[in-house]
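Engineer: For reference, the chains in residue letters:
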Amino acid sequence: MISIKGLRKVFTSDNRKINAVDDLTLNIQEGEIFGVIGYSGAGKSTFIRLLNRLEEPTSGSIEIGEQEITSLNTRDLRKARQEIGMIFQHFNLLWSRTVKDNIAFPLEIAGVAKQEREKRVQELIDLVGLSGRENAYPSQLSGGQKQRVGIARALANKPKLLLCDEATSALDPETTNSILDLLVDINQKLGLTIILITHEMHVIRKICRRVAVMEKGKIVEQGDVLDVFSNPKKPVTKKFVQQIMGETDEAEDTEKILATYKEGKLVRLHFIGDAANESLISKVIRKFPIDINILQGKITQTQSGGYGTMFVQLKGEEPDIQQAIEFIQSETTVEVEVVRDVQ
Amino acid sequence: MFSEISMDEILVAAYETLYMTIVALIGTVIIGIILGLLLYLTAKDNIWENKFFNMIVSSVVNVFRAIPFIILILLLFPFTDFLFNTTRGPTAALPALILGSAPFYARLVEIGFREVDKGVIEAAKSMGAKTRTIIFKVLLPESMPALVSGITVTGIALIGYTAMAGVIGAGGLGDYAYFYGFQRRQFDVVLLCTILILIIVFIFQFIGDFISKKLDKR
Numbered sequence: 001m002i003s004i005k006g007l008r009k010v011f012t013s014d015n016r017k018i019n020a021v022d023d024l025t026l027n028i029q030e031g032e033i034f035g036v037i038g039y040s041g042a043g044k045s046t047f048i049r050l051l052n053r054l055e056e057p058t059s060g061s062i063e064i065g066e067q068e069i070t071s072l073n074t075r076d077l078r079k080a081r082q083e084i085g086m087i088f089q090h091f092n093l094l095w096s097r098t099v100k101d102n103i104a105f106p107l108e109i110a111g112v113a114k115q116e117r118e119k120r121v122q123e124l125i126d127l128v129g130l131s132g133r134e135n136a137y138p139s140q141l142s143g144g145q146k147q148r149v150g151i152a153r154a155l156a157n158k159p160k161l162l163l164c165d166e167a168t169s170a171l172d173p174e175t176t177n178s179i180l181d182l183l184v185d186i187n188q189k190l191g192l193t194i195i196l197i198t199h200e201m202h203v204i205r206k207i208c209r210r211v212a213v214m215e216k217g218k219i220v221e222q223g224d225v226l227d228v229f230s231n232p233k234k235p236v237t238k239k240f241v242q243q244i245m246g247e248t249d250e251a252e253d254t255e256k257i258l259a260t261y262k263e264g265k266l267v268r269l270h271f272i273g274d275a276a277n278e279s280l281i282s283k284v285i286r287k288f289p290i291d292i293n294i295l296q297g298k299i300t301q302t303q304s305g306g307y308g309t310m311f312v313q314l315k316g317e318e319p320d321i322q323q324a325i326e327f328i329q330s331e332t333t334v335e336v337e338v339v340r341d342v343q
Numbered sequence: 001m002f003s004e005i006s007m008d009e010i011l012v013a014a015y016e017t018l019y020m021t022i023v024a025l026i027g028t029v030i031i032g033i034i035l036g037l038l039l040y041l042t043a044k045d046n047i048w049e050n051k052f053f054n055m056i057v058s059s060v061v062n063v064f065r066a067i068p069f070i071i072l073i074l075l076l077f078p079f080t081d082f083l084f085n086t087t088r089g090p091t092a093a094l095p096a097l098i099l100g101s102a103p104f105y106a107r108l109v110e111i112g113f114r115e116v117d118k119g120v121i122e123a124a125k126s127m128g129a130k131t132r133t134i135i136f137k138v139l140l141p142e143s144m145p146a147l148v149s150g151i152t153v154t155g156i157a158l159i160g161y162t163a164m165a166g167v168i169g170a171g172g173l174g175d176y177a178y179f180y181g182f183q184r185r186q187f188d189v190v191l192l193c194t195i196l197i198l199i200i201v202f203i204f205q206f207i208g209d210f211i212s213k214k215l216d217k218r
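Chains as they are written, first to last, in the UniProt record's numbering: chain A, 1 to 343; chain B, 1 to 218.
If you're looking for bench data, these hints aren't it; they were derived computationally from the structure.
Small disclaimer: the values here were computed from a predicted structure and weren't measured.
Backbone N, C-alpha and C fix where the C-beta goes; we use that ideal spot for every residue, glycine too.
A few of these clues could be false.
To be verified - In the PhoX-like style, the derived pairs of lysine-lysine whose C-alpha atoms are separated by at most 25 Å in a straight line are: (1) A/K100 x B/K44; (2) B/K137 x A/K17; (3) B/K137 x A/K158.
Claimed, not checked - Short derived list, chain B residues pointing at chain A, Cβ under 8 Å: (4) E115; (5) G119; (6) V120; (7) A123; (8) K125; (9) S126; (10) G128; (11) A129; (12) K217.
As the list claims (entries may be wrong) - Going by beta-carbon spacing under 7 Å, a handful of chain A positions derived as facing chain B: (13) I109; (14) N135; (15) S139; (16) S142.
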């Protein structure tokens, strides 16, 4: 649905050229939630502003639907923008307007008649769960409620695409989750394509199917969230993975485990998100006369299933253990890494 | 004390002061907002960014702000004479009053606009708003408390200006105080005029603060 080719933005300041977005090529499918993750200064904020030309691209092309955004004149661009919703880190609501009037603003811009406007605003207020707060001013709302107004406002003109600029970065973890749930909800209900930028791995893990990792204006890795994060290639991606998996000093931990558990076979199980891996451990112990002792591990949930590593000790007769491992390897997508054989 | 003062005359003078202040204030607000908008919109990184034009408007504003008011009145005598065929009376004082205070208000307006969150303007742009929509539905409403308190400050300065204009025959309380107090040594008249001007100033301040507070939903 969205096809970006060779997109570039060069800022010149003090006669120095800065490549904020550097030759970026990307395809985003209709109806998906696509995440762009990067540290501040990576160019992701510029990138998302190029999509609706709040920043003018230096070169490259952006095709949204059938429309080539980069070649639109001012008038057509305004029309196109009405069909692209955008939400912001700091919400950017008009403090002088009530919730209702803030949501009505894009409808006023689009020239929707008053009666229809009121009807649509009420629908949106119900959709984002703000019923009863219609006449409140933004200053009377919490951060999460403000972002709900922002989302309702962005959806007012029934856009096909929603751009989220660090939409949860100013919110506490709990509110972040409720906003993310709302985004997934509207993605499914309305079939809306969502592009979000963030520096929080948690956001990507929770709602995105595909992700692009940005560094210094370039996309250094992209693909399915699970693929990219179960097998990170670039240092920056590895750092983001640590954000959710925790920073473990693997070598030291392994040594400790090896020294403590002298018995049986020690293996590491790598889960990479597949429904077939459900209740793996219980399946194995039911099928084979062995004991499984969980020593260490962390599994986290993504949009396409669980992902993580588990360190286990397998105790029992050697042939049984061998069969169990073969079972895991053949019947599931869990990777088995033998750390120490039976001694 | 106060016994020989003609109440009728002083009420007429008070009325003239109010008339000059209010009419000049209306002119000041209109011209000030237009100039303030131009200053803001043509500044760097804004919608109509234009270095040259910004410099011109800015210079005009600065020059008019720099001319002492009493001299500005004298400078405008030919212009006033051409407009009204006279240089005396409250109406003849209006051009000088407006030109003297509009640049001042323009700067206050510019500051008010600059305080408007850039993110909100960006949000309006992202919704496909025209420049006109941004001006009337974002910039003006979002800066309204600042614009109103600017009107209060400018209005009070204007009351002072009307008193000064009175000295060269514009009428009003300043004129009255000058004529009776200075030329006839009737200090009770000066005192009464002062009290009346203070009352007008306080009422202005009170109304201005009240409206500004009412409008501010931040």
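Engineer: Are the hints correct? Go through all of them and say.
Structural biologist: Each hint tested on the structure:
no. : hint            : verdict
1   : A/K100 x B/K44  : 33 Å, violated
2   : B/K137 x A/K17  : 36 Å, violated
3   : B/K137 x A/K158 : 22 Å, holds
4   : E115            : 11 Å, violated
5   : G119            : 4 Å, holds
6   : V120            : 5 Å, holds
7   : A123            : 4 Å, holds
8   : K125            : 6 Å, holds
9   : S126            : 4 Å, holds
10  : G128            : 4 Å, holds
11  : A129            : 5 Å, holds
12  : K217            : 4 Å, holds
13  : I109            : 5 Å, holds
14  : N135            : 11 Å, violated
15  : S139            : 5 Å, holds
16  : S142            : 16 Å, violated
When held up to the earlier numbered hints, the structure conflicts with 1, 2, 4, 14, 16 and fits the remainder.
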